[in-house]
Amino acid sequence: MGTIVITLAAAYGAAAGLTLPRAAYRLSVPPGEPWRGHALAGWRGWLGPAPGGGVRPGPAALTAAVCAALAAAGGPRPEGAVFVALAPVLVLLGLVDLAVHRLPDVLTLPLAAACAALLGAAALLPGAAGSWRLALLGGLALGASYLVLFLINPAGMGLGDVKLALALGVALGWYGWGVWAAGAFLGLLYGAVYGLGLLLSGRAGRDQGFAFGPFMAAGALTGVLLGGFGA
Numbered sequence: 001m002g003t004i005v006i007t008l009a010a011a012y013g014a015a016a017g018l019t020l021p022r023a024a025y026r027l028s029v030p031p032g033e034p035w036r037g038h039a040l041a042g043w044r045g046w047l048g049p050a051p052g053g054g055v056r057p058g059p060a061a062l063t064a065a066v067c068a069a070l071a072a073a074g075g076p077r078p079e080g081a082v083f084v085a086l087a088p089v090l091v092l093l094g095l096v097d098l099a100v101h102r103l104p105d106v107l108t109l110p111l112a113a114a115c116a117a118l119l120g121a122a123a124l125l126p127g128a129a130g131s132w133r134l135a136l137l138g139g140l141a142l143g144a145s146y147l148v149l150f151l152i153n154p155a156g157m158g159l160g161d162v163k164l165a166l167a168l169g170v171a172l173g174w175y176g177w178g179v180w181a182a183g184a185f186l187g188l189l190y191g192a193v194y195g196l197g198l199l200l201s202g203r204a205g206r207d208q209g210f211a212f213g214p215f216m217a218a219g220a221l222t223g224v225l226l227g228g229f230g231a
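With UniProt numbering applied, the sequence shown covers 1 to 231.
One should not assume that every hint holds.
Stated by the list, open to error - List time: in silico SDA-like cross-link candidates among lysine to any residue, alpha-carbon distance up to 20 Å:
1) 163 <-> 106
2) 163 <-> 29
3) 163 <-> 188
4) 163 <-> 191
5) 163 <-> 31
6) 163 <-> 116
7) 163 <-> 118
8) 163 <-> 86
9) 163 <-> 150
Hints were generated in silico from the structure; no laboratory data involved.
Sequences and hints are given; from them, build the entire structure.
Spelled out as structure tokens, the structure:
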């Protein structure tokens with residue numbers, strides 16, 4: 001049963017990942033500019049070869065791997081299906097953030113609402129291994145925490161990060177405060193290590209920003225995987 005669930009999740013992730021390059025290209029615009037049109041062909045650049053030769057891991061492979069890992073952790077439990085279903089949106093947000101350092105409201109806010117609603121439905125089904133009440137509290141807590149960070153240092157944190165934190169906090173809170181704390185901390189740690197690496201290598205100055213959303217997502221993914229396997 002477990003192998004079937006993981007295989008189906010990976011296939012879903014791969015299929016969903018094939019649609020992400022076009023969507024990422026359309027959404028990767030500076031704030032205030034309209035989304036790019038469907039007819040433009042520049043989105044194919046997301047599928048191009050890696051610099052210096054070799055093959056660039058495409059969004060389909062990344063999304064398939066994320067979905068397979070979530071399915072392995074969640075198993076046949078209802079929350080596992082929720083996390084797998086929403087994973088492609090999180091990958092898409094990471095692609096857009098890496099491209100233009102922006103997390104569009106058209107993705108972050110619906111993701112938070114969908115995560116809360118679907119986990120609420122999952123809590124009503126047999127076999128659920130989490131708490132919807134803690135999930136909602138986790139979303140509010142992580143969103144509030146990132147809002148404080150934004151108010152303290154607006155240059156180092158964007159409102160998009162605050163809105164993404166709502167969805168990630170809901171997912172982490174589902175498995176309890178221990179998982180919530182681990183995922184929240186790891187997101188900050190991953191970003192801090194990457195930023196320090198940029199400084200030490202001379203590739204960025206102290207005032208140069210970088211996309212923080214992917215590190216938030218990676219921290220939350222780690223926490224959810226720990227919570228899923230623990231459950």
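For each hint, the structure was consulted:
Of the pairs offered as hints, the one joining residue 163 and residue 106 holds, with about 11 Å between alpha carbons and a cut-off of 20 Å not exceeded. A distance of roughly 18 Å separates the Cα atoms of residue 163 and residue 29; the hinted pair therefore holds under the 20 Å criterion. At roughly 16 Å between alpha-carbon atoms, residue 163 and residue 188 fall within 20 Å of each other, so this suggested pair holds. Between the alpha carbons of residue 163 and residue 191 the distance comes to roughly 17 Å, so the proposed pair stays at or under 20 Å and holds.
Using a Cα cut-off of 20 Å, the hinted pair residue 163 and residue 31 holds, with the two alpha carbons roughly 15 Å apart. This hinted pair checks out: residue 163 and residue 116 have alpha carbons roughly 13 Å apart, not beyond 20 Å. For the hint linking residue 163 to residue 118, the alpha-carbon distance of about 18 Å falls within 20 Å, and the restraint holds. The hinted pair formed by residue 163 and residue 86 meets the criterion: a straight-line CA distance of about 16 Å does not exceed 20 Å.
For the proposed pair residue 163 and residue 150, the alpha carbon gap of about 11 Å is at most 20 Å, so the pair holds.
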